[in-house]
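Engineer: Please model the entire structure based on the sequences and the hints provided.
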Amino acid sequence: MENLIFISAFIQQANHILLGILPAAVIDFLPVAEKFIWCGFAAVGFAVLFNVPSRTLVFIGILGGLGGFTKFLLIRFGVSDVLAPFCGSAVIGLLSIPFAHYKHAPPPVFYIPALIPMIPGVFAYRMMLGMIKLVGNTQPSDYEQVLQSTINNGLKVLFIILGLSVGAVIPMLVTRRDSVKDLKASSFFDRRDD
Amino acid sequence: MRSNLFVLEVNKTHPEAKELCTLLLRIGTLLMTSGSNTERIRKTIQRISTSFDYKAELVINHRSVLLSLENENGDEVYTSLKRTGQHGVNFRILSGISRMSWTVIEEHWTVDQINEELDRLQALPHFPRIAVLLFVSLAGASFCRVAGGQIPDMLFAFAATFIGLFVRQESIKHAFNTYLCVFFAAFAATLVAGLGYKLGIADPGNHGFVTSVLFLIPGVPLINSFSDLIDGNIQTGIIRGINSLIYSFAIALGLLASMFVYQM
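Protein sequences appear in the order of chains A and B.
Following my numbering, the numbering of the first sequence begins with 1 at its first residue and continues without gaps.
Following my numbering, the numbering of the second sequence begins with 1 at its first residue and continues without gaps.
Think of the hints as simulated: they come from the structure by calculation, not from any bench.
A few of these clues could be false.
Reference listing, derived: stretches of chain A covered by chain B, where coverage requires no fewer than 3 residues with Cβ under 8 Å from a Cβ of chain B [to be verified]:
1. 84-93
2. 100-113
3. 124-137
4. 146-159
Keep in mind the model is a prediction, meaning the values are calculated, not measured.
Quick reminder that beta carbons are idealized off the backbone N, C-alpha and C, glycines included.
Structural biologist: This is the structure in structure tokens:
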């Protein structure tokens, strides 16, 4: 009898937790899911500006969306501002290879427009405002604080962009092939010498 | 003295090497202006030259390509240099040349066939101007949304990007300096975005001002710069990096000019 009460209480408790947490979690992650759409649109916009072949447009949108989604999901879980875009661009780089095979276009056509939504525009803007302040301001009271935030934002910009371009070429760095044409899962670990 | 004469003679009597060299330089400069990284240019040219049984050695710069062709025996060398045209990203050419370079090997194309294919690729149409304007403006609004903007901020980012890109296209048409074109575009875009703040419709906390110039960021030179550095092509990597830095300064100058106008 005591056991039954305990079990029913446990089930109630579990139910309560599920009902309480699940919708909240879903609502919590809706903004992250929404980034998929907007990053996708941004990638397609740049793809049109770069005059990509029309057959690749949809896939660039998907890639850009997935990269942005990965980045914001990781940031939501507390991953740093530099590591999260790196992981996003690694996803883009890995997926750009099957897309390149499928649509017969080189991987940069896919990954460059898809990476652009992740370029840290707001950090760059803050760095620039900081630099302008540093030029105009010689007051010792807040000079150090402005200098600190300017350097912090500038280094973030530098390392995020470095991470983006390394992440996108990870498949080539790992497999050591000259061209993605030779990239097959079966011969993943042997270096082609000719 | 004798070897000099020999080289002159070789240059004169081997039109095929000259023909091939002109073709390969055309491909190299086309790839460079269309936004390819340096390693891709080198691989593509070497791939095509091996299909003609020539060995190619290259010096690739941002504004010129130097190519030296050597025949199988190594007793004939032909060297030539070509300056690149105006840089303008065009991934349709990049993709077309990449596909072609594999077909050349598989089907043993002649020089004339490759030249015809290049003519075809260069004549390929761009997206219609209005489509480019609308899609890039949508991208600007998307950037604003990603940075935390609401509907009014997005509308202003859309309008700002539209007008900014229009100004850029027009100033490129009037053959202004490339960096000056970017400055004009950034100025025009931020004037529109700042209007939203002045009218009290858009919220300055939502980054509408900065996201309206994000369409100007030199994404291709920036990413190619780092990928060149990773590949060990340090020289072109640095040049591309400095180039994108100047673009960024032009954007910053445009932003500053409108901040001055609006007394922000």
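Engineer: Take the hints in turn and mark each one as holding or not.
Structural biologist: Okay, the hints, checked on the actual structure:
1. 84-93: violated (count 0)
2. 100-113: holds (count 7)
3. 124-137: holds (count 4)
4. 146-159: violated (count 0)
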